[in-house]
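**Q** Sequence:
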Amino acid sequence: MPHLSIKNVPEALAERLRLRAALNHRSLQGELMAIIEQAVETPATRDAAAVAPADVHAPRTGRKTIMQIAEEHRARYPAPLAGSPRAVDILRAERDGR
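Okay, so the sequence shown: first residue is 1 according to the UniProt record's numbering, each after it adds one.
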């Protein structure tokens, strides 16, 4: 199997990759392989995967950006619900409770 090497990786970037690997419960090698596999995925393989039966244990991956989701949410709920706590108040209460 071929070996790939990237030289002179900035320490900040390497640390972010290590953090990403840890968050995904992977080794750094496994995380880099996942990034490469995702980068070379073609639309044809993506379409074939969409037709294949879904794996109930696989993480869901969407096509919307966080901005699109936020815009849809704001369109559905233009004003906060009456009497509901603000998110900032919930977060502060959680933080102060520690």
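Simulated from the structure, these hints should not be mistaken for laboratory data. Predicted, not measured: the structure shown is a model, and the values here were computed from it. C-beta atoms are modelled at their ideal positions from N, C-alpha and C, and glycine is treated no differently. Among these hints, one or two may not hold up.
What the hints assert, rightly or not - Quick list of simulated restraints, FRET-style, between CB atoms:
{"#": "1", "residue 1": "29", "residue 2": "90", "range": "33 to 41 Å"}
{"#": "2", "residue 1": "61", "residue 2": "10", "range": "22 to 30 Å"}
{"#": "3", "residue 1": "18", "residue 2": "69", "range": "24 to 32 Å"}
**Q** Report the numbers of all earlier hints that the structure fails to satisfy, in ascending order.
**A** Violated: none.
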